[in-house]
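By the working numbering, the letter at position 60 of the sequence shown is numbered 60, and the numbering carries on one by one without gaps.
Calculated directly from the structure, the hints in this document are not laboratory data. Each hint should be verified, as a subset may be incorrect.
What the hints assert, rightly or not - With a Cα cut of at most 27 Å, we get these calculated BS3-like pairs of lysine-lysine:
id, residue 1, residue 2
1, Lys163, Lys177
2, Lys177, Lys99
3, Lys244, Lys65
4, Lys244, Lys177
5, Lys65, Lys99
6, Lys143, Lys344
7, Lys38, Lys143
8, Lys344, Lys38
9, Lys99, Lys38
10, Lys344, Lys163
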Amino acid sequence: QVLAGEGNPFSAAAVLQGMQRAARLVGMHFFNPVPLMKLVEVVSGLQTEAAVAEAIFALSQAWGKVAVHARSTPGFIVNRIARPYYAETLALLQEQVAKPAVLDACLRGAGFRMGPCELMDLIGHDTNFAVTQSVYEANFFDKRYMPSLVQREMVDGGLLGRKSGQGFYSYAPDAAKPAIAPCATLPAPTARSVWLHGRGPLADALFAACERAVRLERLPDTGTPPALQRDESSAWIGLEIDGKHLRMTDGRCATQLGSDVAVFDLPLQSTAGTVLAWAPSSGATAAWATQAAQWLQALGFNPQRVSDSPALVVARSIAMLVNEAADAVHQGVCSQAAADAAMKLGVNYPAGPFEWLAQWGALPVCHLLDALNAFYRGERYRVSPLLRQLSWQD
């Protein structure tokens, strides 16, 4: 017997009650709109025979779908792993780190087709909140899945998104499309000494951008470019400019790292004009804050200043998506390959969580989550055992 449907995930275990041939029950979870969405989650219950699940897997492929195996747990693969994409943005809104348009632009800058605020408006806040509440309750109120007071207030107030004409944004016929204010063109930065710290793909991309930027600059007194040097032994990624630090976030606030420090978000995209969140230390001088923005713009980014908060926007969201995917694999819900395929095909993510992990590295992801956990002191940011084990291999 096949239980097929789209929308909210069902519980195979609950359906099995009273069935005499439980070994032959398998679920097929489609995604809306079904004719266009390629993904099918083939869901096995406790007693489902492997041969039955494989037969439905093959049937899905014959229909032109991309099938992934999933164990019957709350949210299956996609609806479980996707929770942090909404949850972390809602937390940032509650903490007044940035406005919805800025948060959306930052995540679109990381390659997502829609930012979380505009996506929740499209889904409907009543629907999105109900799914979150369902996953939260089904996981025995694990704080990692806790619903947001921000979204609860919107649902209670009837601000459901596009369906009601108002959510984070207005959908009135004459409403202007939400957009962030463009960053003004800043004067080109100058420096006497520039060091690039760190190693790995992210540091390599930053170094290449820095070489292009530095090559354009000439010091007024000598007419020569500043010396660009690299230290791959550093534990952090970023620039040291005349002794001041412009660092990629490691989960700590800029203020924790010193006075003349600014942190920037995880730069997953390197195309010109990519929106990138950044924040200076509360002790930074106005001159250094201006210089930090100049350097980010010279590197090709559209820097958007946000409040100094742990892990900023993209890094916080991606780390939690990776962590949730690692937990799903650790608990036998799916394989790493299935998690990557499901998130790319089910919700159009630009990459799978384990692809991001390969680009970023398990050790820095763990360090970032540990910093979040130390800051907030709760269950939400605990590191997945699998992710911790992978970090030992870095």
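To see whether the hints hold, each was checked on the structure:
no.	hint	in the structure
1	Lys163 x Lys177	holds, 16 Å
2	Lys177 x Lys99	holds, 15 Å
3	Lys244 x Lys65	violated, 52 Å
4	Lys244 x Lys177	violated, 38 Å
5	Lys65 x Lys99	violated, 38 Å
6	Lys143 x Lys344	holds, 26 Å
7	Lys38 x Lys143	violated, 32 Å
8	Lys344 x Lys38	holds, 10 Å
9	Lys99 x Lys38	violated, 34 Å
10	Lys344 x Lys163	holds, 26 Å
Consistency with the previously given hints fails for numbers 3, 4, 5, 7 and 9, ordered from lowest to highest.
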